[in-house]
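Under full-length UniProt numbering, the first residue of the sequence shown is numbered 1, with each subsequent residue one higher.
Everything labelled a hint here was simulated from the structure, so no lab data went into it. Keep in mind that the hints are not guaranteed to be accurate.
[Unchecked claim] Within a straight-line C-alpha distance of at most 27 Å, the following computed DSS-like cross-link-like pairs (lysine-lysine) qualify: (1) Lys101 <-> Lys58; (2) Lys28 <-> Lys101; (3) Lys58 <-> Lys98; (4) Lys57 <-> Lys101.
[Said to hold, decoys possible] Taking CB as the label site, the calculated pair distances span: (5) Leu96 <-> Ala62: 10 to 20 Å; (6) Met1 <-> Phe72: 27 to 37 Å; (7) Glu14 <-> Asp68: 12 to 22 Å; (8) Met1 <-> Asp68: 26 to 36 Å; (9) Met1 <-> Pro74: 31 to 41 Å; (10) Gly10 <-> Gln65: 25 to 35 Å; (11) Phe72 <-> Glu39: 13 to 23 Å.
Beta carbons: idealized from backbone N, C-alpha and C, even for Gly.
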Amino acid sequence: MIPIKVELDGKITELLVHKGKKLLDEIKEHNIKINDACEGSMACGTCHVLVDNETFKKLTPATDQEDDLLQFVPGLKDNSRLACGILVEDSLTNALIKIPKINRNLLSEHDL
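With the sequences and hints as input, model every part of the structure.
See below:
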């Protein structure tokens with residue numbers, strides 16, 4: 001298990017996430033509301049997150065497909081990634097992952 005922190009609306013939640021899984025799936029598993037219109041199939045860009053700069057430098061680089069999608073996300077920054085494009089690995093240890101306000105999911109399946 002890898003410890004990370006996720007920030008949403010100014011609230012930081014500490015999580016233990018499973019190595020080898022998609023970051024998006026782990027965030028959702030902990031009931032943190034994040035958009036994922038394509039359900040993690042890397043087809044939309046709605047799971048845009050910001051990774052702290054130190055961790056960002058250690059991550060496996062984004063694929064060409066992820067880079068293409070990132071060009072269309074609102075609020076793109078140098079440390080932007082798609083949560084569905086990040087596999088949990090040791091380099092994420094103690095990372096701070098911020099979910100931009102525009103990407104927070106106000107509804108989830110559990111709310112319906």
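Going through the hints against the structure:
A threshold of 27 Å between alpha carbons decides the hint, and for lysine 101 with lysine 58 the separation of about 25 Å falls inside it, so the pair holds. Distance restraint check for lysine 28 and lysine 101: the Cα-Cα separation of roughly 16 Å lies within the 27 Å cut-off, and the hinted pair is therefore satisfied. Distance restraint check for lysine 58 and lysine 98: the Cα-Cα separation of roughly 17 Å lies within the 27 Å cut-off, and the hinted pair is therefore satisfied. Straight-line distance between C-alpha atoms of lysine 57 and lysine 101 comes to about 23 Å, which keeps the hinted pair within the 27 Å bound.
Checking the proposed 10 to 20 Å range against leucine 96 and alanine 62 shows it holds: the Cβ atoms sit about 18 Å from each other. Roughly 33 Å separates the CB atoms of methionine 1 and phenylalanine 72, a value that falls within the hinted 27 to 37 Å. A hinted range of 12 to 22 Å for the beta carbons of glutamate 14 and aspartate 68 is inconsistent with their spacing of about 32 Å. Restraint check, methionine 1 to aspartate 68: a C-beta distance of roughly 32 Å satisfies the suggested window 26 to 36 Å.
As the Cβ distance of methionine 1 to proline 74 is approximately 32 Å, the hint placing it in 31 to 41 Å holds. Roughly 31 Å separates the CB atoms of glycine 10 and glutamine 65, a value that falls within the hinted 25 to 35 Å. Between phenylalanine 72 and glutamate 39 the beta carbons are some 18 Å apart, a value that agrees with the proposed interval 13 to 23 Å.
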